[in-house]
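Turn these sequences into a full structure, and let the hints guide you.
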Amino acid sequence: MTSTLSKKHDFDTVFDSQEVFRLILDALSCPARVVSIQKYADKLFGAHPLFLTLALTLLDNEVSFCVLGDDLLEDEISSLTLAKKEQLQNADFIFICSAGEKEEAQRLQTAIENAKCGTLADPHKSATIIVCDKSPAASYVTLFGPGIAETLECHISHAVKNALELRDAQNYEYPQGIDLIFVSNAGELFALPRLARMGVK
Amino acid sequence: MNNNYNFAFLDEGSKREIRRCTLKAVAIPGYQVPFGSRELPIGRGWGTGGIQLTLSLIGPNDVLKVIDQGSDESVNAVNIKKFVGLCTDVETTNNTTEATLIQTRHRIPEIPLKDGQILVFQVPIPEPLRIVEAREEVTKKMHAEKDYAPLWLQLYESLVKYQKVTIASEYPCMVEDRYMTNPSPIPKFDNPKLHNAECLYLFGAGREKKIYAIPPHTKVVSLAFDDVPFERESFAGKTCRLCKSNNTYLDEMFDAQTGEKVYQCSDTSYCKEVAAHA
Chain A
1 MTSTLSKKHD FDTVFDSQEV FRLILDALSC PARVVSIQKY ADKLFGAHPL FLTLALTLLD
61 NEVSFCVLGD DLLEDEISSL TLAKKEQLQN ADFIFICSAG EKEEAQRLQT AIENAKCGTL
121 ADPHKSATII VCDKSPAASY VTLFGPGIAE TLECHISHAV KNALELRDAQ NYEYPQGIDL
181 IFVSNAGELF ALPRLARMGV K
Chain B
202 MNNNYNFAFL DEGSKREIRR CTLKAVAIPG YQVPFGSREL PIGRGWGTGG IQLTLSLIGP
262 NDVLKVIDQG SDESVNAVNI KKFVGLCTDV ETTNNTTEAT LIQTRHRIPE IPLKDGQILV
322 FQVPIPEPLR IVEAREEVTK KMHAEKDYAP LWLQLYESLV KYQKVTIASE YPCMVEDRYM
382 TNPSPIPKFD NPKLHNAECL YLFGAGREKK IYAIPPHTKV VSLAFDDVPF ERESFAGKTC
442 RLCKSNNTYL DEMFDAQTGE KVYQCSDTSY CKEVAAHA
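One line per chain: the protein sequences are A and B, in this order. Per the working numbering, the first sequence starts with residue 1, numbered consecutively. Per the working numbering, the second sequence starts with residue 202, numbered consecutively.
Read the hints as simulated data drawn from the structure, not as lab findings. Mixed in with the good hints, there may be bad ones.
One side only, chain A facing chain B, incomplete, derived with CB under 10 Å [as the list claims (entries may be wrong)]:
#	residue
1	Leu-58
2	Ser-78
3	Leu-88
4	Ala-137
5	Val-141
6	Ile-148
7	Cys-154
8	Ala-191
For every residue, glycine included, the Cβ atom is placed at its ideal position computed from N, Cα and C.
Rendered as structure tokens:
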């Protein structure tokens, strides 16, 4: 009798990773541009397939990460990518799981206030915060910065606005800073790198 | 496709590291992100930085174009295209508008690039301060402190000595008012194309192990004094001998026997297209 070995995840670490990376690159190059990673997340199982999609694309044993809000996800990412679990202050990638509005805001605040922002000499040694944002778009803001032609009127959720306000409150001296990536339940992803700012140009 | 190698030659760990550095480079325009440059089947200094970027970016749906000094048919361009083709099977093209990914050595195509296109530069010396400071640890500190005085001084000395700025290529530019950046050895003629572009510019220096980027719609200002504005090469009164264009970057060719000088577009695919529609 023969038995068939089946894989839990169908995500292709060569071709799917490449496509997801190009989508992230597009999103980061053009802040607030929405791209969809849902079809890749459909190839992964568990409670957080969107986070796993990003983790499998960006993480490996060379980098560290931290998950706020789900220990099981932390174990899953660690076993799939071999990335190092690290304290919030030292993590290269920080994943924030969605929760109730109040709890999510609290996690976001903790993450942004403690994430490493690099140094003036080595600004690349800074954290990327990846947030699962389930809340609906609720406010209009004006964004500007590299990747945006002049300014961009954008309809964003309270969580995103809150994240931008918290990041502004840190008063990082550029090039220090943190980069934000948001994913929605529908698999939509957009990014707000450190130079994407809210307000009037 | 040669199946003895991974898709796009590099192993996935290498690609992932280059991809992470690329994302950081895009987030901090003009900043040189250090990366672990890999060995390739060509020598460092022959475009390995650009190739590594291309290999980490490319997928089966891409259309690749490679140019060397504007030409699709020079040795460097043809061999890079063959190499990437061997390990990916992607479609290649000479047509600038068809390409999704363009690797270039020393030119930006004449046709303005569009949103969604990526131009990858092969960079020999990524450090614009190297000409005034040899030590890496010092240039790194100068970037951290935004101390670009020696570069301004060099520009001033050039004006005092020669009454003009003598930098022909690798003309430094300020990206987003923060980082002095070397736009690779493109001629000054191409510098204005970096400002507020539609496409993404990525720069890879394999020997120097640095990646940097200029995202779309980024402010890029070529170094100049208020009273001595930046000037690019002028080809006034000259036209391409093949397509009669008078607004492109021209190569000068000299016939030693007759002493005649002729001019021809450096961007060969643009030249052919214009000539075909003439």
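(message) Checking hints one by one. Is A:Ile-148 an interface residue toward chain B, by the C-beta closer than 10 Å rule?
(response) Hint on A:Ile-148: holds, closest Cβ of chain B at ~6 Å, below 10 Å.
(request) With a cut-off of 10 Å on the beta carbons, see whether A:Val-141 makes it to chain B. (result) Because about 18 Å separates A:Val-141 from the closest Cβ in chain B, which is outside the 10 Å limit, the hint is violated.
(request) Have a go at the A:Ala-191 hint: is there a Cβ in chain B nearer than 10 Å to its own Cβ? (result) OK, holds: A:Ala-191 within 10 Å of chain B, min 8 Å.
(request) Double-check A:Ser-78 for me: the hint is only fine if its C-beta lies closer than 10 Å to a C-beta in chain B. (result) violated (16 Å)
(request) Closer than 10 Å between Cβ atoms is the bar; does A:Ala-137 clear it against chain B? Give me holds or violated. (result) violated (23 Å)
(message) Using the nearest Cβ pair, does A:Leu-88 come within less than 10 Å of chain B?
(response) violated (19 Å)
(request) Grab the minimum C-beta distance from A:Leu-58 to chain B and call the hint holds if it beats 10 Å, violated otherwise. (result) Since chain B brings a Cβ to about 6 Å from A:Leu-58, closer than 10 Å, the hint holds.
(request) Report holds or violated for the interface hint on A:Cys-154, using the least CB-CB distance to chain B and a cut-off of 10 Å. (result) Violated. Min distance 15 Å.
Hint violations for this structure: numbers 2, 3, 4, 5, 7, all remaining hints satisfied.
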